[in-house]
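K.L.:
The lines below spell out each chain.
There are 2 protein chains.
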Amino acid sequence: MENKMLIFGHKNPDTDSICSSLVMEKFYKNLGFDVEAVRLGNVNKETEYVLNYLGILLPREIQKVEEGQKVVLVDHNEFNQSAEGIESATIEAVIDHHRIANFQTKDPLYYRAEPVGCTSTILYKKFKEENMAIEKREAILMLSAIVSDTLLFKSPTCTQEDKNACEELAKISGIDINSYGLEMLKAGTDLNDFTPEQLINLDAKSLSKGNTKYVIAQVNTVAIEDVLKREEEIKEAIKKEISENGLDLFVFVITDILNSNSEIIAIRK
Amino acid sequence: MENKMLIFGHKNPDTDSICSSLVMEKFYKNLGFDVEAVRLGNVNKETEYVLNYLGILLPREIQKVEEGQKVVLVDHNEFNQSAEGIESATIEAVIDHHRIANFQTKDPLYYRAEPVGCTSTILYKKFKEENMAIEKREAILMLSAIVSDTLLFKSPTCTQEDKNACEELAKISGIDINSYGLEMLKAGTDLNDFTPEQLINLDAKSLSKGNTKYVIAQVNTVAIEDVLKREEEIKEAIKKEISENGLDLFVFVITDILNSNSEIIAIRK
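For the record, the sequence lines run as chains P and R.
Residue numbering for the first sequence follows the numbering used here, beginning at 1 and increasing consecutively.
Residue numbering for the second sequence follows the numbering used here, beginning at 1 and increasing consecutively.
Since the hints were derived computationally from the structure, they do not count as laboratory data.
Bear in mind that the values here come from a model prediction, so they are computed numbers and not experimental data.
Among the hints, a few may not be true.
For identical chains, the list gives no copy identity; a pair is met inside one copy or between any two copies.
[As the list claims (entries may be wrong)] Capping the alpha-carbon separation at 30 Å, the derived lysine-lysine pairs in DSSO-like fashion look like this:
id: 1; residue 1: Lys70; residue 2: Lys154
id: 2; residue 1: Lys205; residue 2: Lys4
id: 3; residue 1: Lys154; residue 2: Lys213
id: 4; residue 1: Lys163; residue 2: Lys106
id: 5; residue 1: Lys136; residue 2: Lys163
id: 6; residue 1: Lys154; residue 2: Lys106
id: 7; residue 1: Lys163; residue 2: Lys205
id: 8; residue 1: Lys26; residue 2: Lys240
id: 9; residue 1: Lys209; residue 2: Lys154
id: 10; residue 1: Lys29; residue 2: Lys128
id: 11; residue 1: Lys125; residue 2: Lys4
id: 12; residue 1: Lys239; residue 2: Lys4
Could you put the whole structure together from the sequences, leaning on the hints where they help?
P.N.:
What follows is the structure in structure tokens.
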């Protein structure tokens, strides 16, 4: 068992889980604690963008914790979203913005949840409450988490507190929320690595009605026009899919997650 | 269903449950919310002392809450310690200093727990964080709760944060923690209303080993000498108990909860 406290977010970590772990690591280190931010799984491209931007190495990956291991959970509380063995770990603290369920402790602990859009918004408040200076690195980590969780304030879970925190963090870091945020979200929805065949199969559902067989496929992006640059190749791939699988219809939906706009390419047999 | 949020502590409310409910009521009212502090059962003599001191009427008693009722829990979270129907209420917030168990919500909420000795210590911090002025009434309520839960800082659950908060609250209220606290704890452990027969049966365990039958009984007080004023009457009551129940030994322990000192009256057949 490790003597230091381990800090981690949920499995399949998103940007909030990784950034909030790193920010809490700094918070505790400032207070003199022996802590390490770790992660429960691979990070996505969006998070990679943030870490690269800051030149931060990936936190160490763990899968399970030993009995009695001191841990701090960020961005989650439900045991089924947490590390293996969490039931017998010593949970020292939880900072989260989700409902509470499938969670219990033997002893009193520090638990801080608020119904806001992002864990980092709560962390921002904690720094303020402790009169702890926020450095540029942590400001950018928290800003990135808020932009990610609120989709640049467009998500219905976004609150005024998230906006206020993000704007203060932008001032500290000297970062333009919109241009940086858009680049970050773009990186997360980067579809350039995929071939047209992969694109139309990323999230494809095969359906049938009577004798009609059809497929509905969707991709998420922040730049529909980027996807449409490859419109001809995509159409070719769809036609191939139709003839190979005897489909009657293939509907390909390209959704802009920021504006909830979609463009549709539909091809019949 | 009531439109306003109901705020309450645990069943068999203690001083922290009642005082913290009243303080949270004030906190929310300051923020413009429609709230009412209520209670889940009779209050004890210690709490009565506090309310009388401040000239505050008892909060309204409720037993259950209706589906969807907005509630704020203080000083507890476990559903089995809460109001009937809590499973289907809408829990807006929890402020507590206990472990988390038997608790879950459908939606995100405000949850604030800290491993300190008293809920009111956390409330004190909340007022500070909101830059909200603490008035004399709330200062005395919080101070009373802290003195009660920490037994005048003597309890092993007492932390430096509890002490600091209590001292600040003493300054605001102009109250001497020791003299007021001792009077309050005395009121709570007032044994004068009990006859000697009742005293020796308040918390009595009948035991036997081989052919020997004995009883161990205990009372808690902050003034052992007050109890010992009735030593002769108590001894008479014990002798009567021994002869009536064919006991071999009766041990009566008078414990000073502040110093963990005990005086023992032991009488054999």
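K.L.:
For each hint, tell me whether it holds in the structure or not.
P.N.:
Verification of the hints:
With identical chains, the CA atoms of Lys70 and Lys154 are at most 30 Å apart between copies only, with a shortest distance of 27 Å across copies and 36 Å within one. For the identical chains of this complex, Lys205 and Lys4 are neighbours neither inside a copy (46 Å) nor across copies (45 Å), given an alpha-carbon limit of 30 Å. In this assembly of identical chains, the alpha carbons of Lys154 and Lys213 never lie at most 30 Å apart, being 35 Å within a copy and 74 Å across copies at closest. When the C-alpha separation of Lys163 and Lys106 is checked against a cutoff of 30 Å, the pair qualifies only between copies, where the shortest distance is 25 Å, while the shortest distance within a copy is 36 Å.
For the homomeric pair Lys136 and Lys163, the shortest alpha-carbon distance inside one copy (18 Å) is at most 30 Å, but the shortest distance between copies (35 Å) is not. For the identical chains of this complex, Lys154 and Lys106 are inter-copy neighbours only, at 23 Å across copies versus 39 Å inside a copy, given an alpha-carbon limit of 30 Å. For the homomeric pair Lys163 and Lys205, neither the shortest alpha-carbon distance inside one copy (36 Å) nor that between copies (61 Å) is at most 30 Å. Taking the shortest alpha-carbon separations for Lys26 and Lys240, neither the intra-copy value of 52 Å nor the inter-copy value of 68 Å comes in at or below 30 Å.
Neither within a single protomer nor between protomers do Lys209 and Lys154 lie at most 30 Å apart by alpha-carbon distance, with minima of 35 Å and 73 Å respectively. Taking identical chains as interchangeable, the C-alpha atoms of Lys29 and Lys128 lie at most 30 Å apart whether they share a chain (16 Å) or sit on different chains (24 Å). Taking the shortest Cα distances, Lys125 and Lys4 sit within 30 Å of each other both inside one copy (25 Å) and across copies (28 Å). For a Cα distance limit of 30 Å, the shortest separation of Lys239 from Lys4 qualifies neither inside one copy, at 57 Å, nor across copies, at 59 Å.
The structure fails to meet hints 2, 3, 7, 8, 9, 12 from the earlier list, while all remaining hints are met.
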